[in-house]
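I would like the entire structure built from these sequences, with the hints used as guidance.
As numbered in mature numbering (1 follows the signal peptide of the UniProt record, and there is no 0), residues -23 to -1, 1 to 375 make up the sequence shown, in order.
Hints listed in this document are in silico derivations from the structure and should not be mistaken for laboratory results. Certain hints may be false.
Capping the alpha-carbon separation at 25 Å, the derived lysine-lysine pairs in BS3-like fashion look like this [claimed, not checked]: (1) K86 with K96; (2) K86 with K131; (3) K131 with K89; (4) K86 with K54; (5) K156 with K96; (6) K131 with K97; (7) K234 with K131; (8) K54 with K96; (9) K148 with K138; (10) K313 with K334; (11) K89 with K54; (12) K233 with K148; (13) K86 with K97; (14) K138 with K54; (15) K143 with K131; (16) K334 with K97; (17) K97 with K54; (18) K359 with K234; (19) K334 with K104; (20) K234 with K211; (21) K96 with K233; (22) K211 with K104; (23) K89 with K104; (24) K86 with K211; (25) K104 with K86; (26) K156 with K143.
So the derived label-pair ranges between C-beta atoms look like this [claimed, not checked]: (27) D260 with P79: 20 to 26 Å; (28) L6 with N121: 18 to 24 Å; (29) G58 with C362: 23 to 29 Å; (30) D260 with A297: 39 to 45 Å; (31) L309 with T228: 46 to 52 Å; (32) G273 with R36: 27 to 33 Å.
For each residue, glycine too, the CB sits at the ideal point set by N, CA and C.
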Amino acid sequence: MNNNLIFFFLVTLFVVSYKRVLSENHANLPPRGWNSYDSFCWTISEEEFLQNAQLISQRLHAHGYEYAVVDYLWYRKLVPGAYVDSLGYDVIDEWGRVIPDPGRWPSSKGGKGFSEVAKKVHDMGLKFGFHVMRGISTQAVNANTPILDVTTGKAYVESGKIWHAKDIGMKERACAWMKNGFMSVDTTLGAGRAFLRSLYHQYAEWDVDFVKHDCVFGEDFQLDEITTVSGILKGLNRTILYSLSPGTSGTPTMAKKVAPLVNMYRVTGDDWDNWGDVATHFDVARDFAAASMIGGNGLLGKSWPDLDMLPLGWLTDPGANVGPHRTSGLSLDEQKTQMTLWSMARSPLMFGGDMRKLDDTTYGLITNPILLEINSFSSNNKEACLFIIYNTNTIFII
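Right under this line is the structure:
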């Protein structure tokens, strides 16, 4: 055999094997980063996002915070009349896929999508991610846009028919908390799967590293879509971390169906900066630890129960149409308790405060080296029962 051919074969084998090793170590530790939701709700702009990303790179990256994530409705026009469940304000392309609002994300003009933002984030040494909703937008279904076949670059054709959004949209399975916004697609149809494939191929073309998939888990459980998306991600040439949200009423039994398909999955409803929200996480953390779900097998690596973002620092209000304007409502002791529980439960750590107003106390808390070490490397974490037995001379603590 020609020596050059042997060399080419060995190099190719090494590259493929190396890529496989990297993939199998995906999310090997609980993911850590920043998400825009707690501080900007859905209103964040490209300028504001990149300002935060730069500060994550400068101040938090050394502590393992590597993902900069844009939360929901990045495709919605920020104009009067637009709000979380408004209809008709989203920007979609000719194939019915949502694309960034050019008013807030000017670098997306000309069909660039998030590729320019992703490049800037990568140049900062970080990874880029964003939030997506279930299925297809109501706006695309109403417009009855054709479905892209990524294998041909043309409209999807099956049985001699060109398929459109109305053929796959399932209005009876609209997202419960955004009924005007999104609905499931019929994944039993080739066209339904083709639409989802076109979404995630587009995200890979934008060089995305993290996708937060909403309204498919917990009370909104859509196992068919999760399974389909997981298979699509597994077949891409780009490794993308797959996150599910939210997890209202999620249970370990339900989670065991999705954990091998994803890398992190929310196990609670939204957590905001009040003690009532934080307190609900103790029993949830106990249950998922007892079920041995922490760091189990996941998509091309491991998966992690997610207790939600850390609402610390400079924040906005739930569902607001405004950006950050107030400090966290948790007392310092409550904040310390939350950070300790999240670390001991080995939850992903996603800071939610505006980085531009990160105070020293909050910074010290989210970068505490002991807590971060526990979060990354501790094992056999579980709730401990404390029994105190008294006799005349001795106190026994078991």
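Let me make sure I understand: some of the numbered hints might not hold for this structure. Which ones are they, in numerical order?
5, 6, 7, 12, 14, 21, 24, 27, 28, 29, 30 and 31
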